[in-house]
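Participant: With the hints as a guide, dock the two chains, each given alone in a separate frame, to form the complex.
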Amino acid sequence: MWIFPFIFFFLGFSSYPQNQPFLRLSVKDHPGLSRVLIESSIPLSFSIERSGSFLFVKLRANKPFRIQRRPFRSRFIKSLGWASGRDFYTITIRTQHRNFSYDSFTISDPPQLVIDVSPNGGEERREESRESPKRISVETNKEERKVPSASPGRKSVVIDPGHGGLESGAKGKFGALEKDITLDISLSLKDIIEQKLAYNVVLTRDKDVDVSLENRAAEANNNKAYLFISIHANSSYRKEARGSETFFLSLNATDEEARRLAYLENNSAEFEDRIGGDNEDDIKMILWDMAQAAYLKQSSQLAESIQKELNLLLGTVNRGIKQAPFKVLTGVACPAVLVEVAFISNPEEERKLLTEEFQNNVAQAIYRGLVNFLRRYSQE
Amino acid sequence: MNIKRLIHVGLLLVLLIILVIIFFRKGGEERIKPASSTTFPEQEPLSEEPEETTQITLFFPSEEDTLLHPEVRDIIASSSVGIQAKQVIEELIKGSQNGYISAVPPETKLRELFITEEGVAYVDFSREIQEKHNSGSSAEISTIFSIVNSLTYNFKSVKKVFILIDGGEKQTLGGHIDLSRPFLPQHDLIAN
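Listed in order, the protein sequences are those of chains A and B.
Residue numbers for the first sequence follow this note's numbering, so the first one is 247 and each next one is one higher.
Residue numbers for the second sequence follow this note's numbering, so the first one is 4 and each next one is one higher.
Hints listed in this document are in silico derivations from the structure and should not be mistaken for laboratory results.
This one's a predicted model, so the numbers in the text were calculated from it and none came from an experiment.
All residues carry an ideal CB built from backbone N, CA and C; glycine is no exception.
Be aware that a few hints might be false.
As the list claims (entries may be wrong) - Some residues of chain B that are not near chain A, with every Cβ distance over 10 angstroms (derived):
#: 1; residue: 60
#: 2; residue: 64
#: 3; residue: 65
#: 4; residue: 75
#: 5; residue: 80
#: 6; residue: 87
#: 7; residue: 96
#: 8; residue: 104
#: 9; residue: 105
#: 10; residue: 109
#: 11; residue: 112
#: 12; residue: 157
#: 13; residue: 159
#: 14; residue: 175
#: 15; residue: 180
#: 16; residue: 194
As the list claims (entries may be wrong) - Listed next, the in silico PhoX-like pairs over lysine-lysine satisfying Cα-Cα at most 25 angstroms (straight line):
#: 17; chain 1: B; residue 1: 162; chain 2: A; residue 2: 417
#: 18; chain 1: B; residue 1: 162; chain 2: A; residue 2: 304
#: 19; chain 1: A; residue 1: 309; chain 2: B; residue 2: 135
#: 20; chain 1: B; residue 1: 163; chain 2: A; residue 2: 568
#: 21; chain 1: A; residue 1: 436; chain 2: A; residue 2: 419
#: 22; chain 1: A; residue 1: 543; chain 2: A; residue 2: 568
#: 23; chain 1: B; residue 1: 112; chain 2: B; residue 2: 135
#: 24; chain 1: B; residue 1: 135; chain 2: A; residue 2: 485
#: 25; chain 1: A; residue 1: 419; chain 2: B; residue 2: 135
#: 26; chain 1: A; residue 1: 568; chain 2: B; residue 2: 173
#: 27; chain 1: A; residue 1: 568; chain 2: B; residue 2: 162
#: 28; chain 1: A; residue 1: 543; chain 2: A; residue 2: 554
#: 29; chain 1: A; residue 1: 436; chain 2: A; residue 2: 401
#: 30; chain 1: B; residue 1: 163; chain 2: A; residue 2: 309
#: 31; chain 1: B; residue 1: 173; chain 2: B; residue 2: 97
#: 32; chain 1: A; residue 1: 485; chain 2: A; residue 2: 598
#: 33; chain 1: B; residue 1: 97; chain 2: A; residue 2: 485
#: 34; chain 1: A; residue 1: 309; chain 2: B; residue 2: 7
#: 35; chain 1: A; residue 1: 417; chain 2: B; residue 2: 135
Excised from the complex, chain B in its bound form (with noise of 0.2 angstroms):
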């Protein structure tokens, strides 16, 4: 009866050790990968060794005319595309240095990135990209596709790219332009 009931538990808990191990390796491979919430710190040049750095391109309104225009700038390198478009969409809500126009509100915060496999972005932003727009809809498509294509055109894993605000799906920035389906890159906007 003991010795019975002895193997009965030993069986159990392999049984239990495989599931677990099975559960997360399954699971890390097939749930959407966020990207890893480390910022990364401003304060920083202590290091004394340069960072590897990457180019990126981001897409900016511009004064001049309708259209988007690149402005290249260097981001610090990453092996995951996750982390870096994070990257790419923190250095859009900072704005342009060439003198273009910032379409994303600079009080925005990037909430959360991910990228599934189907290659849809997920970008998360708070309320204020909604709140502090300037509601329109030439102001909104400014908005929806300086982001589509900034990321769209840096990465080649991101085919579609769907705007989420405060963690859930919206219908519009300001009652124009439709949030409830992915975007796909609009590449008669950009300049050239």
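Looking at chain A on its own, in the form it has when it is part of the complex (with noise of 0.2 angstroms):
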């Protein structure tokens, strides 16, 4: 009898090679409220940002977390989810209502947070809104109107200035930031958009802030976006290179997610309800972390429609549409594209970039694509 010890010692040992910390995070229904449960084998410390119908918990980590998920059914969280950054990790917590509080509280041994999530307006409603899904959309509409963006209705264009805050992006000679050029074209682009269609525009950032890369495609998802277009200005080691580019997503496809793709591809009728819907979680799951793979032909449509035109802008010919693996477009559940508009690294083009002049004209050329996609995206 001694001896099992040991080979428990052994095997469990073996197995664990490393000395890696873990996340575990696991979700379970109270009365009147639903508990989120993060344990960890170290101390942890945290903030925790609520956006929409989301709580973003960032966790500080100074070493790669193991992360594991327990599957769980809940009725006031719809789905967990995380992604990693330079330092920290990032939870995701999607609750099932936007008008929702929340309170959290540590333990210190064994480290855990506590995260308690319950729906706004007693008990009652919140049973009968589980049952009745009209109800929810009540509310969600007098959620919306609270944000003067959003009025209900219209489809949203989502616009999202690259960069911002701490985060300049690239650097032009004559000291010209990425930053500073993407929110002026963004903001010439809302106000085209605003006065010429029946669009609502919302702008991922409107002042020189931090916005995270995940925070962008969530706010493209949480105002239900019918298009996402971020800007950029590109930057490259050529001294010569110039001129626009616009790139939609490439997948660093694996077998599996391959895999996923066609899935997503064959069944995209089935998400048009998109984040908002009614389908199970694991698909929930999907969509959060690679919902952009349901869109990639209307993206490569929409990339080829403003391309053509900031071709015909700048005078360029045969400038294709290019695709690559941005973060910032993986999660976004709606065509989305990101425009480079021009080479800030190019000293030639970073002083066009400083112009109101060009920033206007490449707003213009964006619109003008944007119109000629949707002519034919919107009666598919």
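Facilitator: Structure below.
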């Protein structure tokens, strides 16, 4: 009998050769609330940010975590996801309702972070809203009316000015910063669209602030974006590099992901109600993670349409659209492109990028490309 | 009593030894094989016997076009793919000898490189690859695919490349290209 502990000792030791810290995520329902439990092997320092129906829990980490997520079904929590950054992890908690409140506390031994989520407005309504989807949609509309940029009934175009805050992006020789140029162009594109089209325009930032790449995609999905356009200024090691380029997402598709992709492409009709729909939880996770996979065809058409107009504007011929695995596009659940307006690393183009005239011309060209695309897309 | 006890202790020792052997043999096979961290002293050629060399191909961007251009170079031969792969990256960091552009900041150090049995090369760079990087989509694409294509081109066993920085997973080099998934080579970026 006394031999067994040794066996377990060795088995345990050989299957975990590294001393890697772990995070264990689980959800449990209690009367009136759902409890998200984040257990860890090391003490955690964290912050919680709320956006729409999401809670983002940012954990500082010097070492990569092994993350385990227990499958769950919960009344108030729709899904749990995570992403990692330079020295932090973001745990994404998606709630069933936009109208919720939360409470958090920690337990130090063993280290745990507890987040209790409950819908606002008492237990009675909570039970009711689970049964009647109508009630939910009324709530959502109320919430949306508060946000001036998202009036109901209109489709939204989400414009994403690249970079911002401490993250200034590429820098030019004359001191131009990518983040400033992208914001200027985005603001004038917003004006043009709002003047001429019956679409809401939502900006992922309208001033010089940091916005994480996940939150940009979340902004698009929370607003049920119809189109997503990310604006950037390019930089290259080549001094001569010049001109505009429009990208759509390429996936570093592994076998497993290629299968997911095929599934999403074949079933994209099912995803019309996208993130807000009533699909199963595991499909939600796929959507959140690789949502863009279902829209690659439309995204390439949007890219082509915009690039064509940019070529006309700049007198370039034969510059096609490009594909690359841009982080900001992966989670967006609608046709999405990233426009590299011009090269800030090319002094001549940098000077142009700083002029209001050029910024306006670019915004006009993107607008024309968008209109040409919408003519086809909205008929589909 | 005593004899019984001795037998028990004997049994335990034998079992321990067996388990230790199994553990080390299995562990050695299963875990990803880190390439030996031996670096090749540069002050060398004191040894008179010329060391055996092997040819590798590196890929660099050029001023001419937006493609990656091959540059052939000799490195010291080794039977270990891990060691050779490390040399490929170290040569890539040294930069081009034919006037091509170096897309990996020269201050960057290769911290570690290992190749899994599934053919994913994990390449761990020091933080300079991010800090000294000329942020921008085209620049990031050049850096990433000069690394990815150089590794996959030279080693059949490398199918994908995962770029780590300072021992961990990072989102991007400068806000654009997603580093959180392994990269497949992009053959259409190669000149010719």
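Participant: It remains to establish, for every hint, whether it holds in the given structure.
Facilitator: Results for each hint:
1. 60: holds (20 angstroms)
2. 64: The claim breaks: residue 64 of chain B does not keep its Cβ more than 10 angstroms from every Cβ of chain A (closest is about 6 angstroms).
3. 65: violated (8 angstroms)
4. 75: Answer for residue 75 of chain B: holds, closest chain A Cβ roughly 21 angstroms.
5. 80: holds (31 angstroms)
6. 87: Given a closest Cβ separation of 24 angstroms, the condition holds.
7. 96: holds (14 angstroms)
8. 104: violated (5 angstroms)
9. 105: About 8 angstroms separates residue 105 of chain B from the closest Cβ of chain A, which leaves it inside 10 angstroms; violated.
10. 109: holds (12 angstroms)
11. 112: Nearest chain A Cβ is 18 angstroms from residue 112 of chain B, so the label holds.
12. 157: holds (20 angstroms)
13. 159: holds (18 angstroms)
14. 175: The claim is violated: residue 175 of chain B sits with its nearest Cβ about 5 angstroms from chain A, within 10 angstroms.
15. 180: violated (6 angstroms)
16. 194: holds (14 angstroms)
17. B:162 / A:417: violated (34 angstroms)
18. B:162 / A:304: violated (33 angstroms)
19. A:309 / B:135: Roughly 22 angstroms between the alpha carbons, so the hint for residue 309 of chain A and residue 135 of chain B holds.
20. B:163 / A:568: holds (21 angstroms)
21. A:436 / A:419: With a Cα-Cα distance of about 28 angstroms, the restraint between residue 436 of chain A and residue 419 of chain A is violated, given a limit of 25 angstroms.
22. A:543 / A:568: Cα-Cα ~13 angstroms, so holds.
23. B:112 / B:135: Distance ~12 angstroms between residue 112 of chain B and residue 135 of chain B Cα, so the pair holds.
24. B:135 / A:485: Holds. Residue 135 of chain B to residue 485 of chain A sits at ~17 angstroms (cutoff 25 angstroms).
25. A:419 / B:135: Holds, because 16 angstroms separates the two Cα atoms, which is no more than 25 angstroms.
26. A:568 / B:173: holds (24 angstroms)
27. A:568 / B:162: holds (23 angstroms)
28. A:543 / A:554: Holds, because 17 angstroms separates the two Cα atoms, which is no more than 25 angstroms.
29. A:436 / A:401: holds (14 angstroms)
30. B:163 / A:309: Distance ~23 angstroms between residue 163 of chain B and residue 309 of chain A Cα, so the pair holds.
31. B:173 / B:97: Roughly 23 angstroms between the alpha carbons, so the hint for residue 173 of chain B and residue 97 of chain B holds.
32. A:485 / A:598: holds (16 angstroms)
33. B:97 / A:485: Holds. Residue 97 of chain B to residue 485 of chain A sits at ~20 angstroms (cutoff 25 angstroms).
34. A:309 / B:7: violated (49 angstroms)
35. A:417 / B:135: holds (12 angstroms)
The structure is inconsistent with the numbered hints 2, 3, 8, 9, 14, 15, 17, 18, 21, 34, although it conforms to all the rest.
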